[in-house]
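Participant: Spelled out from the first residue to the last, the chains are:
4 protein chains.
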Amino acid sequence: MDLDQLAERFRVTRQQSEQLCAPLAIEDYGVQPMDDASPPKWHLAHTSWFFETFILNKHLAGYQNFNNQYEYLFNSYYNGVGDPYPRPKRGFLSRPTVDEVMGYRHHVEQHLHGLLAALAPDSPAAVEVAALVELGINHEQQHQELLLTDLKYNFGHNPLAPRYVTEGELSAGVDLAERVERFHEFTGGVVQVGVDPHSEGFKFDNECPRHDVLVHPFRLAEYLVTNSEFLQFVEDGGYQTPSLWLAEGWQTVMDQRWQHPLYWQQQDGAWFEYRLDGLYPLEPALPAVHLSGHECFAYAQWKNARLPTEFEWEVAARDVAMPGPADGAWLESGRFHPAAHRQADEAPIKQLYGTVWQWTQSSYAPYPGFAPLPGTLGEYNGKFMSSQWVLRGGSCATPFGHVRASYRNFFYPPDRWQFSGLRLAQDA
Amino acid sequence: MDLDQLAERFRVTRQQSEQLCAPLAIEDYGVQPMDDASPPKWHLAHTSWFFETFILNKHLAGYQNFNNQYEYLFNSYYNGVGDPYPRPKRGFLSRPTVDEVMGYRHHVEQHLHGLLAALAPDSPAAVEVAALVELGINHEQQHQELLLTDLKYNFGHNPLAPRYVTEGELSAGVDLAERVERFHEFTGGVVQVGVDPHSEGFKFDNECPRHDVLVHPFRLAEYLVTNSEFLQFVEDGGYQTPSLWLAEGWQTVMDQRWQHPLYWQQQDGAWFEYRLDGLYPLEPALPAVHLSGHECFAYAQWKNARLPTEFEWEVAARDVAMPGPADGAWLESGRFHPAAHRQADEAPIKQLYGTVWQWTQSSYAPYPGFAPLPGTLGEYNGKFMSSQWVLRGGSCATPFGHVRASYRNFFYPPDRWQFSGLRLAQDA
Amino acid sequence: MDLDQLAERFRVTRQQSEQLCAPLAIEDYGVQPMDDASPPKWHLAHTSWFFETFILNKHLAGYQNFNNQYEYLFNSYYNGVGDPYPRPKRGFLSRPTVDEVMGYRHHVEQHLHGLLAALAPDSPAAVEVAALVELGINHEQQHQELLLTDLKYNFGHNPLAPRYVTEGELSAGVDLAERVERFHEFTGGVVQVGVDPHSEGFKFDNECPRHDVLVHPFRLAEYLVTNSEFLQFVEDGGYQTPSLWLAEGWQTVMDQRWQHPLYWQQQDGAWFEYRLDGLYPLEPALPAVHLSGHECFAYAQWKNARLPTEFEWEVAARDVAMPGPADGAWLESGRFHPAAHRQADEAPIKQLYGTVWQWTQSSYAPYPGFAPLPGTLGEYNGKFMSSQWVLRGGSCATPFGHVRASYRNFFYPPDRWQFSGLRLAQDA
Amino acid sequence: MDLDQLAERFRVTRQQSEQLCAPLAIEDYGVQPMDDASPPKWHLAHTSWFFETFILNKHLAGYQNFNNQYEYLFNSYYNGVGDPYPRPKRGFLSRPTVDEVMGYRHHVEQHLHGLLAALAPDSPAAVEVAALVELGINHEQQHQELLLTDLKYNFGHNPLAPRYVTEGELSAGVDLAERVERFHEFTGGVVQVGVDPHSEGFKFDNECPRHDVLVHPFRLAEYLVTNSEFLQFVEDGGYQTPSLWLAEGWQTVMDQRWQHPLYWQQQDGAWFEYRLDGLYPLEPALPAVHLSGHECFAYAQWKNARLPTEFEWEVAARDVAMPGPADGAWLESGRFHPAAHRQADEAPIKQLYGTVWQWTQSSYAPYPGFAPLPGTLGEYNGKFMSSQWVLRGGSCATPFGHVRASYRNFFYPPDRWQFSGLRLAQDA
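Chain order of the listed sequences is R, E, G and H.
Position 217, counted from 1, in the first sequence is what this note's numbering calls 200; the numbers after and before it change by one each time, with no gaps.
Position 356, counted from 1, in the second sequence is what this note's numbering calls 339; the numbers after and before it change by one each time, with no gaps.
Position 228, counted from 1, in the third sequence is what this note's numbering calls 211; the numbers after and before it change by one each time, with no gaps.
Position 231, counted from 1, in the fourth sequence is what this note's numbering calls 214; the numbers after and before it change by one each time, with no gaps.
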């Protein structure tokens, strides 16, 4: 454990959050366009609250909170810390201002650097604090992605369709004709999935422990489903055909009057897609994105295929090399929209990491022997293990280095404001 | 008609709206803390939309809209102009920014000044435009008050209890013991109320025509009900006694779990009130404010009294001199909270104008022979004539000069975020 | 006061309630098809509860309740008696059975007859009890009408369209061409309306006291609006034209997706109406019925007319002779649908009484000097005096003898499951 | 395949449904006390609709529907048959009457017997029809249980607490002190679960195919959790401790204000339970019942245990002999409440079958290679495979012979009106 290196990673991560906000007007920081989507300002404050509450308050003697009311205002869902400020009202907090939140951030950062500098390397306190800082860094990375999805929900529903970044080239040079639906076969068997909690490197409690599962032979699609493919589903009446949908999905289609993916719109017969670089004609070669689990399920039914299980995905992904920060698959690309795949030399299954989160058919459940983090931090993951599905792989809004083969993301099957898409599977 | 004078009044009114926003942080401009309460930015834009839509677009040849989408975004409720942007989503419009809205305001102002300057005095066009500008000024004055009530709802529900202005002295030198409940008697008879639509001076269509009504002998309280008096109702179990309430009011008490007026709170047994200058111990001598019609009705029942009718109020008020801008009763006082009454020499009934809007028991209904404004502007008032009650007199957030003896404000009886209070009446 | 006569009127009224249920299957007694519409069984029980609670429990020594839990189960809205069983759950009470409720009725009747027989005529007790029995009889008559409107809501929404009675001839021999829209003029002035509470004969507290009002000259339509006339409004796009509606009405049109009156339906271009005698082609000459106040308002706007005030209606009606029980206008006709007018010799304004309740533009408010009944019975009428409009005249489902010129019925303007229609008025 | 035997089983099953209704008053047949709970009459009609729609209409030449509108009225959720009549409105169908529904039942039965008699044994048509009749019988058995749970919801919420059957002795002779929490260990390994779709005997599509799963070593409680044990959880503040609950479960606790199991109530400090034989003091030795999945999860957390997976349960149950119809565990006992366990000679794990459905932690998901029934019947099970949990074992309201070791029932984790309880598990 190298505390200097950790301090540097902390610094870089915190900076990255602020850089993501550079294109924002002050007005953009406060908007909560739906209950699930928090204002950017709240993300900036809550990630600081996390360091303050779980590290500074407990491990830095004499630490004074920046503002005692923030404990209440910026608690997300930790009942162990007290009743949180109501989630649907986050958009009403015009105060504290952005400046004050930035002050809060820097106050927390300064004291955290102080704490790290004061720790004796390899002391028990250093080990404990380092683990918490590592958790806080990963927590902040998750909120970087959420900040983007939530901002997109805001901008994407504003009739003015504001741009967050300048236009990106996302499918240049890609030959759609080559992007055919092709499956590769896997043999299955009893395989090990998950991570040993005592292994090197950071992992969340929900990835542990490493354990055996039985995977049946299966086939997995080479590419993610594209806009071009998903459009065929739309135009074939997929959103009007109840037999393709789970009952709960069909209810959602009717209640929400879904007719197409979230950010698509039709004008005079032509299809457009809102992206963080603006509103553009739908590009056929790009991966379909912002799909709910239900839409993915229905699409798979329509294709006589299915979603993979999370373990099938992990089996396919575990030996595949991840793209690097310069490969256009991650947040670092600065495009904030899934690009068409262009790397040449690779394992048979493409686009496993980055680009879009891939829905699986697996319900989010505890692994056998799952042990949540001790204390209030045990609320981080475990209490959400009902009614959600697992997604794998990361997205174009995920910071490079944040995900792994064993990484489990989770959302409710009707959720579709994340950078989520799909890869088909079949029984072998 | 003096067009120069009108242009000056236009300029002053527009400036006053912006001055009201001077204490705001950019973050405060966008918050919509409930469906009925719009963001300050929206008020600034909508009042400009009003001038653009009803004057510039129709009377200024070659006028180019500042932004064509604003017609949709900033339409409040005029179906004649097209479907408005959904009211509950006004808080999601981080764009246009405050700067852009200010640009919109100045664009509209510049062209309106140009139009006024180009009109031949007393030409039919000048007469028509002047009437519309007069309406627009009064419209903007109404939104100045709403801007304050909506901002207060935001600040008053923020756990940080931000201050909009510095602390005001509101009851200094007032002897509460003198503020006893005292009634004065009126004889009634057939009297004239309302205004002749062809008379001098501005009036809304809902005040017209002047007509006879029969008023029975009645008694009216000398003072508005104070915090001290209303607190007795609270402490006597008023909010727990269904027999005091209208059925609809009692339903509201139970649904909303009302236990006291909107901005009151109890801490360790002591009562506090949030005001726009901050959170303070409840001052007994100040008028009770932010009461719904239902709370006023229940209080009156408890006192064996009743609310006045709107015509009783008008009879009592018609010959009473209004306080001036320096008398502390109006918006111009800069205190934004109802002050205790301190003027010495006056008609028997005090506090008729300014201070707080006074609920009446009269349903908001058309006068006999009521004729709405022609065209889309006919939607201004008339279509709201159901389920609302009339309030009279203006408040500490009403600009001086805006109201008259015949002026009719109207809200739903459960509404309580306005500067509304009560004066008791009885049959003689 | 003749106690024998009162006992006989009580007997006849009670019997009439049961006769109205003669066509019902046991299954029909329990259904509550919407929150406002109670099951027939509940009406039968609640009207007995009224006699038990307000008379037997207080005036018959040693009276034993039929079942102590009924006090809770069959209380409608009297908070003075305790929290009532929740209104929206009345349809869940399969027990007590119809037989048990009939047993309850007869228990109450037997004891009430016993009480009346035991009273010394003209004793103070007799005077007090007689007044309460009179109130109970009128109360039961109101519930007879509600029983029919609520049953109709149930049957009229059952895809099987069951018949309550056999087909009635309702417009035979009526020449629609004569039923032109014709207005008669009234001079107005200061007139007396309402009733003296100490006068002979039964009246509700909300009709009192008799008092002066000023009525402006007005004109009133000779006939009620017919299906034929209302159909023109429908076909002229009345339900698609926001400018005709009050804002609250238009909101209702959109929320409820209203396209035509409640029991109308269109099949292959032809219009049908569900009546209690079944589903029939819409008869042009019949009065339009089951209209909300908002639909009546919009229709009147479309005709450049307005709804009458309740006092205009009373002025027109006070000297007009009422049709008798054999004239086809009342419940006693046994047709349970408004018939076309056929009487020859009459005042200029037809169909004032019976047929359909006539919406007025008057908000339901207390008369000057209004004094509710003492004690818990004060909740009968007074607490509903907000957000409702007054209807006048009675309907084809009102028992003969129940209404008067001064009788005030009241419903919320969006309500349309009553036998309510409209008569146009204009300023003179 | 013996068609006579099948016809007899059909006859007996149909008769059993009607016998379950023998204690009902006509009034009880129509009540729908919540959206999920259908009226008894609807169950009687819908089970007939199933035979009519999927067998008679397709396989009996010249069959005339009893009433063409019933296709719409009594369709539960098969979109392939057309839009069903809205589920929450089933309680509004006072017509058809009970008599008419019985006529419908007998019409369907008569024709189904006719069809069976006319089929050539072992002909392809006979094979196909027999499979459908078998499905229909199992379908009707499921609705027998639902009829009871739905009726109980109605009776159990009626303040009169009506009795469906006479009092049953349910815990006589059981020594609670012996019923200690004791776990038995299982080794796990790769085991086969589910059923081969081509094997003998009836099974639902969701139990197929038989396939390998990997089960980790585990421990399973000998007995179901009792009222006595669950009461300790209640009294220890289980319903006030968020850390014991899944986030979704805690939200339910707060939204629904849960403080104890569904049919428990406290009077003057003593606990009572409503059962179908009436309201009785809570019997400590009886299994806790009418628990949601969330309550079971929280209880297990509080015990440092967990719910079993559905495969752990199946492993434990597959070789255990089922109690017979006379053993008091099934519907046939006629007690309709889970009895305490009294059989002497048995496998280590008691009460696996009948008594109460046992919640598992397994999300209801398709088995690898799952193939829904062809055509519209494919909607029977598959489309509900999201957000639900699997329950195993049957209950005291399940007909004997209906369930198997592989049988999968499924409900949403907040559902608690079924006869559902829990058995604890632990990692070995």
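Read the hints as simulated data drawn from the structure, not as lab findings.
Here the structure is a predicted model, which is why all the values come from computation and not from measurement.
Incorrect hints may have been included.
Label-pair ranges, simulated between beta-carbon atoms [claimed, not checked]:
(1) H/Q223 x R/G361: 14 to 20 Å
(2) G/D219 x E/E329: 34 to 40 Å
(3) R/P200 x H/G307: 56 to 62 Å
(4) R/K72 x E/T224: 52 to 58 Å
(5) H/E168 x R/E329: 43 to 49 Å
BS3-like mimics (lysine-lysine), calculated; alpha carbons at most 30 Å apart, straight line [said to hold, decoys possible]:
(6) E/K286 x E/K333
(7) G/K41 x G/K72
(8) G/K333 x G/K186
(9) H/K286 x G/K72
(10) R/K41 x R/K72
(11) R/K41 x R/K186
(12) R/K72 x E/K41
(13) R/K186 x H/K286
(14) G/K186 x G/K41
(15) R/K333 x R/K286
(16) E/K41 x E/K72
(17) E/K186 x E/K333
(18) R/K286 x H/K186
(19) G/K286 x E/K286
(20) G/K286 x E/K186
(21) G/K286 x G/K333
(22) H/K186 x H/K286
(23) R/K286 x R/K186
Facing chain E, according to a computed beta carbon distance under 10 Å, are these residues of chain R, among others [stated by the list, open to error]:
(24) I9
(25) K24
(26) Y46
(27) N50
(28) H140
Glycine is no exception: its CB is placed at the ideal position from the N, C-alpha and C atoms.
Participant: Now, for every hint given, state plainly whether the structure supports it.
Facilitator: Results of checking the hints against the structure:
no. : hint                        : verdict
1   : H/Q223 x R/G361: 14 to 20 Å : 18 Å, holds
2   : G/D219 x E/E329: 34 to 40 Å : 56 Å, violated
3   : R/P200 x H/G307: 56 to 62 Å : 42 Å, violated
4   : R/K72 x E/T224: 52 to 58 Å  : 31 Å, violated
5   : H/E168 x R/E329: 43 to 49 Å : 47 Å, holds
6   : E/K286 x E/K333             : 20 Å, holds
7   : G/K41 x G/K72               : 29 Å, holds
8   : G/K333 x G/K186             : 24 Å, holds
9   : H/K286 x G/K72              : 38 Å, violated
10  : R/K41 x R/K72               : 29 Å, holds
11  : R/K41 x R/K186              : 22 Å, holds
12  : R/K72 x E/K41               : 41 Å, violated
13  : R/K186 x H/K286             : 28 Å, holds
14  : G/K186 x G/K41              : 22 Å, holds
15  : R/K333 x R/K286             : 20 Å, holds
16  : E/K41 x E/K72               : 29 Å, holds
17  : E/K186 x E/K333             : 24 Å, holds
18  : R/K286 x H/K186             : 28 Å, holds
19  : G/K286 x E/K286             : 46 Å, violated
20  : G/K286 x E/K186             : 28 Å, holds
21  : G/K286 x G/K333             : 20 Å, holds
22  : H/K186 x H/K286             : 35 Å, violated
23  : R/K286 x R/K186             : 35 Å, violated
24  : I9                          : 4 Å, holds
25  : K24                         : 8 Å, holds
26  : Y46                         : 21 Å, violated
27  : N50                         : 8 Å, holds
28  : H140                        : 7 Å, holds
Taken one by one, the earlier hints fail for this structure at numbers 2, 3, 4, 9, 12, 19, 22, 23 and 26, listed in ascending order.
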